[in-house]
Amino acid sequence: MKKDFHKWNDRKIVVNDTEQIPFFHEREIWFCFLGANVGFEQDGQGEDFQRPVVIIKKFNNEICWIVPLSKTKKRGKYYFAFPFDEKITSVAILSQIKLIDAHRLSRKIGDMNEEKFGILIEKLKALLP
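Each residue of the sequence shown is one higher than the one before, counting from 1 in this note's numbering.
Hint data in this document are derived by calculation from the structure and do not stem from the laboratory.
Please read all numbers here as calculations on a predicted model, not as lab measurements.
Take the hints with a grain of salt, since some may be wrong.
Below, a list of computed lysine-lysine pairs in the BS3-like style, where the Cα atoms sit at most 27 Å apart [to be verified]:
1) K57 / K108
2) K108 / K87
3) K57 / K125
4) K7 / K108
5) K87 / K73
6) K125 / K58
7) K87 / K77
8) K74 / K87
9) K87 / K71
10) K87 / K12
11) K58 / K3
12) K58 / K71
13) K74 / K3
14) K74 / K123
15) K123 / K58
16) K12 / K125
Computed spacing ranges between beta-carbons, pair by pair [said to hold, decoys possible]:
17) K2 / E122: 20 to 28 Å
18) I109 / K74: 34 to 42 Å
19) E122 / V14: 33 to 41 Å
Where is the CB? At the ideal position from N, CA and C, for every residue including glycine.
Could you build all of it, start to finish, from the sequences and the hints given here?
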């Protein structure tokens, strides 16, 4: 599948120039401008190159760690499935943890349950050497 890096670059300029930075917290689920990335790195989708993510760690008002989410059912130590709402099961792709600038956050779409978030954090810790 051919990726449109030029189109993403044009969109990335607009995202970077956005003046207002959204207010966010850990455990929140946001649509995020992830873009077109190299190889097997998780891409955003659609015209705006967005993908849902969960905020793992807020370092300050400008940067945070996120984990991309997918609806594709995957299993193994690099994935964590959790109910997003009554109809949707989301899968956190643990191997794709990423530091982002808050300018990439588009809109909040929900919150992750505290218990499930605690399990997610433990699964991430288990991946560290």
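Checked hints:
{"no.": "1", "hint": "K57 / K108", "result": "holds (16 Å)"}
{"no.": "2", "hint": "K108 / K87", "result": "holds (18 Å)"}
{"no.": "3", "hint": "K57 / K125", "result": "holds (13 Å)"}
{"no.": "4", "hint": "K7 / K108", "result": "holds (24 Å)"}
{"no.": "5", "hint": "K87 / K73", "result": "holds (14 Å)"}
{"no.": "6", "hint": "K125 / K58", "result": "holds (16 Å)"}
{"no.": "7", "hint": "K87 / K77", "result": "holds (24 Å)"}
{"no.": "8", "hint": "K74 / K87", "result": "holds (17 Å)"}
{"no.": "9", "hint": "K87 / K71", "result": "holds (11 Å)"}
{"no.": "10", "hint": "K87 / K12", "result": "violated (32 Å)"}
{"no.": "11", "hint": "K58 / K3", "result": "violated (30 Å)"}
{"no.": "12", "hint": "K58 / K71", "result": "holds (24 Å)"}
{"no.": "13", "hint": "K74 / K3", "result": "holds (23 Å)"}
{"no.": "14", "hint": "K74 / K123", "result": "holds (15 Å)"}
{"no.": "15", "hint": "K123 / K58", "result": "holds (18 Å)"}
{"no.": "16", "hint": "K12 / K125", "result": "violated (31 Å)"}
{"no.": "17", "hint": "K2 / E122: 20 to 28 Å", "result": "violated (38 Å)"}
{"no.": "18", "hint": "I109 / K74: 34 to 42 Å", "result": "violated (21 Å)"}
{"no.": "19", "hint": "E122 / V14: 33 to 41 Å", "result": "holds (37 Å)"}
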